[in-house]
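Line by line, the protein sequences are chains A and B. For the first sequence, the numbering used here assigns the number 458 to the last residue and increments by one with no breaks. For the second sequence, the numbering used here assigns the number 1170 to the last residue and increments by one with no breaks.
The hints are simulated quantities; they were obtained by calculation from the structure and are not laboratory data. Some hints could be false.
As the list claims (entries may be wrong) - Each pair of labels, with its calculated beta carbon distance range:
# : chain 1 : residue 1 : chain 2 : residue 2 : range
1 : A       : Gly228    : B       : Trp1030   : 30 to 36 Å
2 : A       : Ala362    : B       : Ala1085   : 35 to 41 Å
3 : B       : Asp1104   : A       : Val166    : 36 to 42 Å
Note that the Cβ used here is the ideal one computed from N, Cα and C, for glycine as well.
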Amino acid sequence: MSNASLGTRVVRWIDYRMPIFTLLDHAVGSGYPTPKNLSYWWNFGSLAGLVLVIQIATGIVLAMHYTPHVDMAFASVERIMRDVNFGWLIRYVHANGASAFFVVVYIHIFRGLYYGSYREPRELLWIIGVIILLCMMATAFMGYVLPWGQMSFWGATVITNLFSAVPLVGDAIVSWLWGGFSVDNPTLQRFYSLHYLLPFVIVGLVVLHIWALHRFGSNNPLGIDTKGDKDTIPFHPYYTVKDLFGMGVFFIIFFAFVFYAPNYLGHPDNYIPADPLVTPAHIVPEWYFLPFYAILRSITFDVLFIPAKLMGVILMFASILVLLILPWLDRSPVRSAKFRPIYKQVFWLLLVVTVILGIVGAKTPSDPVFADKCPVAEVTEEEAAAIARGEMEEKKPPFCFQYVHLGQIGTAYYFLHFLVLIPLLGRFEKTRPLPPSISEPVLGGGTAAGAAVTREKA
Amino acid sequence: MADDDGGSRRDFLYIATGAVAGVGTLAAVWPLIDQMNPSKDVLALATTEVDLSSIEEGQSVTVMWRGKPVFIRARTPQEIDEARATPLDQLKDPQSDQDRVVKDPWLVMVGVCTHLGCVPVGDDGDYDGWYCPCHGSHYDTSGRIRKGPAPENLPIPEYVFLDDTTIRIG
Chain A
1 MSNASLGTRV VRWIDYRMPI FTLLDHAVGS GYPTPKNLSY WWNFGSLAGL VLVIQIATGI
61 VLAMHYTPHV DMAFASVERI MRDVNFGWLI RYVHANGASA FFVVVYIHIF RGLYYGSYRE
121 PRELLWIIGV IILLCMMATA FMGYVLPWGQ MSFWGATVIT NLFSAVPLVG DAIVSWLWGG
181 FSVDNPTLQR FYSLHYLLPF VIVGLVVLHI WALHRFGSNN PLGIDTKGDK DTIPFHPYYT
241 VKDLFGMGVF FIIFFAFVFY APNYLGHPDN YIPADPLVTP AHIVPEWYFL PFYAILRSIT
301 FDVLFIPAKL MGVILMFASI LVLLILPWLD RSPVRSAKFR PIYKQVFWLL LVVTVILGIV
361 GAKTPSDPVF ADKCPVAEVT EEEAAAIARG EMEEKKPPFC FQYVHLGQIG TAYYFLHFLV
421 LIPLLGRFEK TRPLPPSISE PVLGGGTAAG AAVTREKA
Chain B
1001 MADDDGGSRR DFLYIATGAV AGVGTLAAVW PLIDQMNPSK DVLALATTEV DLSSIEEGQS
1061 VTVMWRGKPV FIRARTPQEI DEARATPLDQ LKDPQSDQDR VVKDPWLVMV GVCTHLGCVP
1121 VGDDGDYDGW YCPCHGSHYD TSGRIRKGPA PENLPIPEYV FLDDTTIRIG
């Protein structure tokens, strides 16, 4: 090997002492065999990694100009927008990057749901993914508080108040989270600290996520295990180039938002400085929290001994935590929805219901769904007088289908899907026959032909 | 105890070491947790004095106490009558109006919705009291919850009359 170039020799020298290049090759190189039939739905994992890097890079830069103090936070963000060189670009990339992160990750999750990527032996991979989602949500929530606008302040107030629903120690927890008697400077400072910390926790979790992934490799659209070399291709160059192409498409869409609609996904009220005495008329969280917000608000009645407020909080958290036990709720012998005719329909229904919950989360709960206005009760003058004297109960208006009712139906279906339909389908669904291998349906003629092709290539 | 197998001395050392390490860890972790609780300077700001002499009948003022709004309303006689005429069995969180005031016509309460902490809007809602725009809770002229998701009445802070027209909250 005397004719090896200097670069190659340096690589070999290092790799012998610390096999980092071998590690990379096994992780994302030619030494990582990958199913040959991955579709574009498998691009979203690497896209999520890309957005995480963008968020950390822009976030570190923003932290150089941002001041975490109630009197200065809003002004420092405006200064970033107006005075700091390229500050507007960096902040808009960071703000839209948060949305992009959730778009990419939600597609990644629904991909996993459709093709059964959470099934044995990838349960731990899936669970780590759910924990990453929870960390992302905490990070995004605290990041949204930092500009200290009206939505920042009141979003923080409403979300931290969720913990007051905890029996007995609820108020102590809320006071501990705030560091005072309301959302104030101590709250802002700790959110800033944690908003800086959590992304690095996510990086650590992503390393575990990829580690677990590489144990058995990617799932694939057929949901069957790879059987030998004929079913796989090396990650590099085949999927590195495919991921790069996906990143190009992603950047076109992402920068269309950054440059042409940077505030489209934001809320104008957050350009009003926070005022602890005035609540905006209509508080909504960022779009990526809307389905969960709808679940929270849809519980307007006590459930047995559990008060409505606590039940809403429990169900909101349960709607994500249920994903943790999904690998054990689904007992179907088949992973991919391609071979599960009924699950396929149920999956799309779940997606539609989740979107509807998102719409509900953005609306005022008492607004009617199909009419301009809910009808009011017709009360005659005599009846009004009787009500005023307390001799008669108030008249109830005729039933009106409001967004809160739509949210209740959606919430019920959401949990029905995971807790009832998935276990039942696992037992009773008649699945379609699986192909014997990934390459067989393409190459035909069973394993003999596939083996022949492999031999020819070699 | 297993004196005869010679293990008791070692077991004791294991348990004692583990106990010391456990207590030590807790002692080390507690300051890191407790630092997030309200600090002494925050606690020191826990009282506010308010001069009521400039508030006319039917008028409300909002003052800050512990970073939260406190509503002080000089209620009209109609409002007081309306609040006192309401039968207690119509209330979600039954409490008589008299229990919620120290001296008429003053109604002093923390202006934070007991649902999720928004600030209700005055002179609004189905019961001529307060209305929370966030999730639609209606409060009556005594600040008691009548309709909507909030579980409790608007809380009454501790306050005393220092003289006829001055109160100290907290």
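Just tell me: holds or violated, for the beta carbon distance of Asp1104(B) and Val166(A) against 36 to 42 Å?
holds (37 Å)
Could you see if the CB distance from Gly228(A) to Trp1030(B) stays within 30 to 36 Å?
violated (57 Å)
Within 35 to 41 Å or not, the Cβ separation of Ala362(A) and Ala1085(B)?
holds (40 Å)
Hint compliance for this structure: hint 1 is the single one not met.
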